[in-house]
Amino acid sequence: MQKELKLKIISESINNGVTVTCKKYSISRTVYYRWLKRYQRMGVEGLEDIKKDFTPSNKTSLGIERTILDLVKIYPSYGPKALNYLLEELGHKISVSAVYNVLKRYQLSNKHKRIQFSKKREQVVIHSLPPISQLNSGECWIFWITDIGGFETYKKGYTYTLFDLKSRIACSRIYPDLSFNNFEEVLASVALSVATSLELKISYLCFFNNCKILKRFPNSFKGKIYAMLKKHGRNVKVDFLKDYSDLETVIRYKEDYNRQLLTTLLHSFNSGKSLGDTKKDLRNFIKDYNLNFKVDFGDISCSPVDYHNKTTNNKLILPLWAYIDREY
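Quick note on numbering: full-length UniProt numbering labels position 239 of the sequence shown as 239, and the sequence is numbered without any gaps.
Accuracy of the hints is not assured; some may be wrong.
To be verified - Here are the simulated BS3-like pairs of lysine-lysine, each with C-alpha atoms no more than 25 Å apart in a straight line:
| id | residue 1 | residue 2 |
| --- | --- | --- |
| 1 | K201 | K242 |
| 2 | K156 | K254 |
| 3 | K37 | K156 |
| 4 | K201 | K254 |
| 5 | K212 | K224 |
| 6 | K280 | K237 |
| 7 | K254 | K231 |
| 8 | K294 | K280 |
| 9 | K24 | K8 |
| 10 | K230 | K212 |
| 11 | K273 | K37 |
| 12 | K81 | K120 |
| 13 | K310 | K294 |
| 14 | K8 | K155 |
| 15 | K222 | K212 |
| 16 | K222 | K237 |
| 17 | K215 | K273 |
| 18 | K242 | K287 |
| 19 | K156 | K120 |
| 20 | K37 | K287 |
| 21 | K294 | K254 |
| 22 | K93 | K120 |
| 23 | K37 | K24 |
| 24 | K201 | K215 |
| 25 | K8 | K23 |
Don't read these hints as lab results, they were simulated from the structure.
Source: prediction; values computed, not measured.
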């Protein structure tokens, strides 16, 4: 089934009810809720048919992969079964077949190749972006775009989001197209305004490797970003999240936030509201999320802005535009 039809079914269900809509299109409620959850997490991309070469949810984590490679360097003659015993001693629960798949992925399923691998001088890879546990509130922002699809009142839309990894303070806007100018507007008019009001010291601006704007400017993207940041008086490092140690956590943060954002927009678009009123709903969501939504930070549960204020000993608020009843 086409993703556009799946989105239409989700949209109709908001006004007509899930049972009636599922009966109309001859689909089960289980299938419907699967589509809904995927849309809330990923936008229209989540409604695309899952390809056979997708990455399974139980794929071995990067941390365990690195441990396996380290063990191969020490015990190159060990095969998957022997390596699995060592992993169990280290506290990792993983199947022998999963160990074999990792070895195969790195072309190390052959004993001779493992011995060659163990003799190579270890390459030192330095990632400029520290793990989340070492970041300060407001220090590292990530950016992504979500295709929200088309609705009766809004034929095509994308949400542009900037999100602080530590405090989880977020800023989002809706645009009808993909453009670098839109990115600059949401960064300069919204995110940097929030950063100034909350005294955030931004050191890193990060992007996912599948960023839609990056695909538009594959060769000049980084240069354009640095030029734009310089224009706004910001000395910020630009990084990509492909090999980031906490990538799985970042993706979870993104999907958790998107779930709330897209749920709000779905209800707004399907209630017959004008685009202007929908943008007001978006602004109210951003304000409520940052000021009131309880986030689990491990030792405490509080809103993103409260977390920032607690960790920086401040009593700061969002910029004035967040409280004015106008389009956002």
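Here's how the hints hold up against the structure:
1. For the given pair, K201 sits about 24 Å from K242 by alpha-carbon distance, which is consistent with the 25 Å threshold.
2. A hinted pair counts as satisfied when its Cα atoms are at most 25 Å apart, and K156 with K254 qualifies at roughly 21 Å.
3. Restraint check: the Cα-Cα separation between K37 and K156 comes to about 20 Å, which is no more than 25 Å; the hinted pair holds.
4. Simply put, K201 and K254 have alpha-carbon atoms about 21 Å apart, close enough for the 25 Å limit, and the pair holds.
5. Proposed proximity of K212 and K224 is supported: the alpha carbons are some 15 Å apart, at most 25 Å.
6. For the proposed pair K280 and K237, the alpha carbon gap of about 33 Å is over 25 Å, so the pair is violated.
7. Note on K254 and K231: the hinted pairing is violated, with a Cα-Cα distance of about 28 Å set against a maximum of 25 Å.
8. For a cut-off of 25 Å, the pair hint linking K294 to K280 stands: about 22 Å separates their Cα positions.
9. Only pairs whose Cα atoms come within 25 Å are accepted, and K24 paired with K8 is accepted, the gap being roughly 12 Å.
10. With a C-alpha separation of about 22 Å, the suggested pairing of K230 with K212 holds against the 25 Å cut-off.
11. Between K273 and K37, the direct Cα distance comes to roughly 23 Å. Compliance with the 25 Å bound is thereby established for this hinted pair.
12. The hinted pair formed by K81 and K120 meets the criterion: a straight-line CA distance of about 23 Å does not exceed 25 Å.
13. Under the criterion of a C-alpha separation no larger than 25 Å, the hint pairing K310 with K294 is consistent with the structure, at around 14 Å.
14. With a C-alpha separation of about 12 Å, the suggested pairing of K8 with K155 holds against the 25 Å cut-off.
15. For a cut-off of 25 Å, the pair hint linking K222 to K212 stands: about 14 Å separates their Cα positions.
16. Among the hinted pairs, K222 with K237 is consistent with the structure: their alpha-carbon atoms are about 10 Å apart, no more than 25 Å.
17. Using a Cα cut-off of 25 Å, the hinted pair K215 and K273 is violated, with the two alpha carbons roughly 33 Å apart.
18. At roughly 31 Å between alpha-carbon atoms, K242 and K287 are farther apart than 25 Å, so this suggested pair is violated.
19. About 52 Å separates the Cα atoms of K156 and K120, which puts this hinted pair outside 25 Å; it is violated.
20. A hinted pair counts as satisfied when its Cα atoms are at most 25 Å apart, and K37 with K287 qualifies at roughly 24 Å.
21. Under the criterion of a C-alpha separation no larger than 25 Å, the hint pairing K294 with K254 is consistent with the structure, at around 16 Å.
22. A distance of roughly 28 Å separates the Cα atoms of K93 and K120; the hinted pair therefore is violated under the 25 Å criterion.
23. The straight-line distance between the Cα atoms of K37 and K24 is roughly 20 Å, inside the 25 Å bound, and the hint therefore holds.
24. Distance hint between K201 and K215 is unfulfilled; the C-alpha atoms sit about 28 Å from each other, more than 25 Å.
25. Pair hint K8 plus K23 holds up; C-alpha atoms about 14 Å apart against a cutoff of 25 Å.
Of the numbered hints stated above, those contradicted by the structure are hints 6, 7, 17, 18, 19, 22 and 24, listed in ascending order.
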